Amino acid sequence: MPILEGKELRIVGFLCNWCSYGGADTAGVGRFKQPTDLRVIKVPCSGRIDPLFIVKTLLAGADGVLVSGCHPRDCHYTEGNFYARRRLEMLKRFLPIMGIDAKRFEYTWVSASEGQRWQEVVTKFTEQIHELGAAPKIVGAEAEETLKLMEAAL
Amino acid sequence: MQNLEDLKEQVRKALPELDVVIGWTGGYDPLHATPHFIRRDEDIDKLQVNALCVHNLATYLPSMRGKKVGIIVKGCDSRSVVELLQEKLIDREDVTIFGFGCTGVVDQTKIRRIVGDVGNIDSCEVSGSEVKVSASGTEHKLAMSDVLSEKCATCRYPNAVLSDHFAGAEITSTATFEDGYKDVVEFEEKPEEEKFGFWLKEMDRCIRCYACRNACPMCVCRDHCVAQSRDPHWLSQEAHVRDKWMFQVIHAYHLAGRCTECGECQRACPVDIPILLFKKKMNKEIKEVFDYEAGINPDATPPLMTFKAEEDKITERKW
Numbered sequence: 011m012p013i014l015e016g017k018e019l020r021i022v023g024f025l026c027n028w029c030s031y032g033g034a035d036t037a038g039v040g041r042f043k044q045p046t047d048l049r050v051i052k053v054p055c056s057g058r059i060d061p062l063f064i065v066k067t068l069l070a071g072a073d074g075v076l077v078s079g080c081h082p083r084d085c086h087y088t089e090g091n092f093y094a095r096r097r098l099e100m101l102k103r104f105l106p107i108m109g110i111d112a113k114r115f116e117y118t119w120v121s122a123s124e125g126q127r128w129q130e131v132v133t134k135f136t137e138q139i140h141e142l143g144a145a146p147k148i149v150g151a152e153a154e155e156t157l158k159l160m161e162a163a164l
Numbered sequence: 014m015q016n017l018e019d020l021k022e023q024v025r026k027a028l029p030e031l032d033v034v035i036g037w038t039g040g041y042d043p044l045h046a047t048p049h050f051i052r053r054d055e056d057i058d059k060l061q062v063n064a065l066c067v068h069n070l071a072t073y074l075p076s077m078r079g080k081k082v083g084i085i086v087k088g089c090d091s092r093s094v095v096e097l098l099q100e101k102l103i104d105r106e107d108v109t110i111f112g113f114g115c116t117g118v119v120d121q122t123k124i125r126r127i128v129g130d131v132g133n134i135d136s137c138e139v140s141g142s143e144v145k146v147s148a149s150g151t152e153h154k155l156a157m158s159d160v161l162s163e164k165c166a167t168c169r170y171p172n173a174v175l176s177d178h179f180a181g182a183e184i185t186s187t188a189t190f191e192d193g194y195k196d197v198v199e200f201e202e203k204p205e206e207e208k209f210g211f212w213l214k215e216m217d218r219c220i221r222c223y224a225c226r227n228a229c230p231m232c233v234c235r236d237h238c239v240a241q242s243r244d245p246h247w248l249s250q251e252a253h254v255r256d257k258w259m260f261q262v263i264h265a266y267h268l269a270g271r272c273t274e275c276g277e278c279q280r281a282c283p284v285d286i287p288i289l290l291f292k293k294k295m296n297k298e299i300k301e302v303f304d305y306e307a308g309i310n311p312d313a314t315p316p317l318m319t320f321k322a323e324e325d326k327i328t329e330r331k332w
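Chains as they are written, first to last, in this note's numbering: chain A, 11 to 164; chain B, 14 to 332.
The shape of chain B in the complex, shown without the other chains:
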């Protein structure tokens, strides 16, 4: 990121007023970043902002309610912050948002598919158009367009939609709403049996680790999640594909009209199940029927939490 120094300066100035600022820093190897909690001045120097900073840090905010928290956000992350504000799960006066123009983040799965063994990374250099990875002594030059996360290729909100501080220049995006949902349309055109079979096969891999839920910034029930509840008993403890699939539909439905499509669920999935497809489908329909997108306007009410006596786009069936 070009304006990292500006961002560090903004954080440095704001830090005395805040309990913590959440950002990213280098992770367990050069290919990975990790969330970074800045409490002292010396922590600021370790701040890292580049295409490896995949995590949506808004996930931490509801649990830190009551503290003065600063958060560094990509465009997609800022939508999660706005959605949390919309639902009054965090307080605007306690949150300081540091925004910047994001040029996209990498998809580690794509890198792994090209590089192969990513267990032994020697170095990793990220520039605007290229990722240079050296793994087990072999150098790989990856074009950014080949390893860019899917959501970033069709991103419409590269800049924070709401911020108190903004580092660097804003980035313009030419992507349209339709661009982002081409995969959904394409998938939907398949015959029903094929789609049913596809999910049976994909969901069978699920190990019920609930990483998707834990990474999700909008999954705020935490200890009261229906996935582990005995009363009501939505899911059994069987390792059956029906329960795994059911959980993913529960997740998608609990996010209906709330999901900001940060893609954390799919990124966190250790077995790469394309679960974001469910959420994208729901968002596409929400947009069509209610002309609404989550996490844009802090004052808006999510569409399933309200109603109109005469709905504009829901037509009653004749019989």
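The shape of chain A in the complex, shown without the other chains:
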């Protein structure tokens, strides 16, 4: 059994290829200590992130989602993060009506040189999620139930 089982929560990070992914790399190269809960998905730009990716991630059972892109005015594609900012802000305000704590989702900006900042962002966000604890899971997956029934019938 892995030593971290039960101690780690599942956090998904969507990072833009040009800034935040580089920033995370810088943090790694600099050997900054980081919590290990985060799983990173690299996307071309924060503007590529459909807010529904985040909803789907959360409904699929993630405990937290972190989005990070280039600072506004620094987008590799000039304006991707400006659109992203509007969409993500709307998502953050929308989540409470679903019964999902808005603190489970954050979006921020980290540039490729900001290794130190990346360490800070990951640490703080992970702490925030640990304070909230595990997210409520959607149970009773019918397909699984059906499979069990079928197995029993065989």
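Don't take each hint at face value.
As the list claims (entries may be wrong) - Residues on chain B that point at chain A, a partial pick, calculated with CB under 10 Å: (1) 17; (2) 191; (3) 192; (4) 193; (5) 197; (6) 209; (7) 210; (8) 213; (9) 234; (10) 238; (11) 258; (12) 283; (13) 293; (14) 304; (15) 323; (16) 327.
As the list claims (entries may be wrong) - To be clear about the criterion: a stretch of chain A counts as covered by chain B if any three or more of its residues have a C-beta under 8 Å from a C-beta of chain B, and this derived list gives those stretches: (17) 25 to 33; (18) 42 to 48; (19) 62 to 76; (20) 81 to 90.
It is worth saying that the hints were derived from the structure and are not from the lab.
Nothing here was measured: the structure is a model prediction, and the numbers come from that model.
Every residue, glycine too, gets a C-beta built ideally from N, C-alpha and C.
For chain A, the structure is supplied; the task is to place chain B on it using the hints.
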């Protein structure tokens, strides 16, 4: 409606220039109206405009692009027409809008809850303050305030916001923006677990018929809807509550800054899931952050299709 004759006259005059005028007429029983496509003069006599005319006819417009279409609209429907114009999904010169002052429409679910069995309706009379329904030989007198659709009780746009012809007098509304979102505020105050549980329970009823999508005037992807797409594969074909819920969030998000709150999604839902709540929540936030309402100004750009380098009301988080 008091000015039905005026409206009929306006339609009669405009009809020779148009391929079709969309209105309402009596449906399969006296309690229901149904969309009515007026192509000839004799169709005009069958036109019905009253509190039973719940359908938002703007839903038909994008598919009839290229034809000269007249459309009869309530205030809320006219906002959908404006939103379609904003998004350039229909052409202004091809659409003739017939407006009137709407006093509200009924909620069939509310009627069903009071009357009980609505399978055998003998007659239905609608006046300004009362709906008289005779079902299976029993007479029911329902106060309009008891069966009025929720959206109508707090309606701020009873008159068509954009029209070429307007029948009768305009109706004044005293409702404020806040009035319309009291239910959202109230729901939001509940604890997170309760809301999560509420949706799990509600969404579980969904039969994935997609009536909500088909009735929605702003759902214009039609055959390319992500709900049925395999690539990208947003939703599986499992009848799992996660997929049903996900679809409703997709719908709400695809309507962010576009939804005109005509309430067709919730009305069309055969299992009465309160899905309009998602869209209202989104609209409330859009109004707060961008001070924008969909379907008011034909020249405005929906807020998520544009940006400002320095946003007025989005503050960056410190870390």
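For each hint, the structure was consulted:
This hint is violated: residue 17(B) has a C-beta 40 Å from the nearest C-beta of chain A, more than the 10 Å allowed. A least Cβ separation of about 17 Å between residue 191(B) and chain A goes past the 10 Å threshold, and the interface hint is therefore violated. A distance limit of 10 Å between C-beta atoms decides the matter here; for residue 192(B) the minimum to chain A is near 19 Å, and the interface restraint is violated. The interface hint given for residue 193(B) is violated, since its Cβ lies 15 Å from the closest Cβ of chain A, which is over the 10 Å cut-off.
For residue 197(B), the suggested interface contact is upheld, since its CB lies about 7 Å from the closest CB of chain A, less than 10 Å. Evaluation of the residue 209(B) hint against chain A yields a held restraint, the C-beta minimum of about 3 Å falling below 10 Å. A distance limit of 10 Å between C-beta atoms decides the matter here; for residue 210(B) the minimum to chain A is near 7 Å, and the interface restraint holds. Interface restraint check: residue 213(B) against chain A, minimum CB-CB distance 7 Å, threshold 10 Å, status holds.
Checking residue 234(B) against chain A by beta carbon gives a least distance of about 14 Å; that is not within 10 Å, so the hint is violated. The beta carbon of residue 238(B) comes no nearer than 13 Å to any beta carbon in chain A, farther than 10 Å, and the hint placing it at the interface is violated. Against a cut-off of 10 Å between C-beta atoms, the interface hint on residue 258(B) holds, since the closest Cβ of chain A lies about 6 Å away. Hint on residue 283(B) is violated. Least Cβ distance to chain A is approximately 20 Å, over the 10 Å limit.
Hint on residue 293(B) holds. Least Cβ distance to chain A is approximately 9 Å, under the 10 Å limit. Among the interface hints, the one on residue 304(B) is violated; its C-beta lies about 13 Å from the nearest C-beta in chain A, farther than the 10 Å criterion. With 10 Å as the threshold, the beta carbon of residue 323(B) comes within range of chain A, its nearest partner Cβ sitting at about 8 Å, so the hint holds. Contact between residue 327(B) and chain A, as hinted, is supported at the beta carbon level, the nearest pair being about 5 Å apart and thus within 10 Å.
For the stretch 25 to 33 of chain A, the stated coverage by chain B is violated: 0 residues have a C-beta nearer than 8 Å to a C-beta of that chain, whereas at least 3 were required. Residue count for the stretch 42 to 48 of chain A with a Cβ under 8 Å from a Cβ of chain B: 0. That is fewer than the three needed, and the coverage hint is violated. Remark: the stretch 62 to 76 of chain A is confirmed as covered by chain B, as 5 of its residues place a Cβ nearer than 8 Å to a Cβ of that chain, reaching the required three. Counting residues of the stretch 81 to 90 of chain A whose CB lies closer than 8 Å to any CB of chain B gives 3, so the stated coverage by that chain holds, three being the minimum.
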